[in-house]
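Peer 1: Counting from 1 along the sequence shown, just add 1119 to a position and that's the residue number in my numbering.
Source of the hints: derived by calculation from the structure; they are not laboratory data.
Any given hint could be a false lead.
[To be verified] BS3-like cross-link-like pairs, simulated, lysine-lysine; straight-line CA separation at most 30 Å:
id, residue 1, residue 2
1, Lys-1217, Lys-1297
2, Lys-1279, Lys-1297
3, Lys-1297, Lys-1351
4, Lys-1351, Lys-1279
5, Lys-1217, Lys-1279
[Stated by the list, open to error] FRET-style restraints, in silico, Cβ to Cβ:
id, residue 1, residue 2, range
6, Ser-1201, Asp-1350, 32 to 40 Å
7, Arg-1354, Val-1289, 25 to 33 Å
8, Val-1152, Arg-1349, 37 to 45 Å
9, Val-1348, Ala-1161, 38 to 46 Å
10, Ala-1168, Gly-1341, 41 to 49 Å
11, Asp-1350, Thr-1175, 41 to 49 Å
Ideal Cβ placement from N, Cα and C applies to all residues, glycine included.
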Amino acid sequence: PVKHKAIGRSARQWLCSTSLLVLADALALGGAVQAADWTGAAGQDWFAASNWSTNTVPVAGTPVNIAIVTPNFPVIDGTAASAGMVTVGANSLAFGDKAQLDIVNGGTLASNISTIAGNATHLGMVNVSGQGALWDNTGVLTVGKGGAGYLTLSGGGQVKSSSITVGELVTSSGGILKVDGPGSRVTSAGALYLGVESAAYMYVTHGGTVSNTVASIARDAGTQSYAFVRDKDSRWISSSDLTVGSAGIAHL
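Build out the structure end to end from the sequences listed, making use of the hints.
Peer 2: See below:
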């Protein structure tokens, strides 16, 4: 493997702290808050109460499950939305079905622990597009946890999270992260893992930016993962450790 430098004590301390924060978030949610399942019965508007199983619009701390695109997938358009845990591709999906969420035109979503494509049969997609569009996730964000996950940023859209994993479990078909165009940016306050037990693909193009503290490509044996940073002004900024091919096969 090719290493920028070994993971130091501060990085391990940060990872431990992040795990404790994730556990605290999960315990804080508890079982008292009813989850809101997207139905799309009234259209694509996130803020229409009749589009949710609870007949109320999610607020901060509400677990949200998005498992369908028919009749409509949710769109957060130009307004600020809040939730607790967000799962795009929840466990009611039939094999091969996909779930989708779009955040556009200055719309924002504040959440904590979030997953795109949690289980093996899931296909989940999130698109963050346009200036001012933001997904601000204070916990762990996983793209392709057990299924196939896609996270795409374009036109100045941004995603912020405490840590990001792309392609986590061996059951996953992999995860894809695309960051395209000036102003489009993914920021992980801590770690960015590209390929843990499954494949990951990251594309930073046409002036997009990805930044993190520690990062690795292809962590486990048997994993192949890829990171492409190309075109003028495209950047991947890793302020601390960057491991290229820890035990798997990495392409940078």
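Peer 1: The structure should be examined with respect to each hint, and the outcome stated for every one.
Peer 2: The hints, checked one at a time:
1. Lys-1217 - Lys-1297: holds (18 Å)
2. Lys-1279 - Lys-1297: holds (14 Å)
3. Lys-1297 - Lys-1351: holds (16 Å)
4. Lys-1351 - Lys-1279: holds (23 Å)
5. Lys-1217 - Lys-1279: holds (24 Å)
6. Ser-1201 - Asp-1350: 32 to 40 Å: holds (35 Å)
7. Arg-1354 - Val-1289: 25 to 33 Å: With Cβ atoms ~31 Å apart, the hint holds.
8. Val-1152 - Arg-1349: 37 to 45 Å: At roughly 43 Å between Cβ atoms, Arg-1349 and Val-1152 fall inside 37 to 45 Å, so the hint holds.
9. Val-1348 - Ala-1161: 38 to 46 Å: Between Val-1348 and Ala-1161, where Cβ atoms are some 42 Å apart, the hint holds.
10. Ala-1168 - Gly-1341: 41 to 49 Å: With Cβ atoms ~46 Å apart, the hint holds.
11. Asp-1350 - Thr-1175: 41 to 49 Å: At 44 Å between Cβs, range holds.
Every hint from the earlier list agrees with this structure, and none is contradicted.
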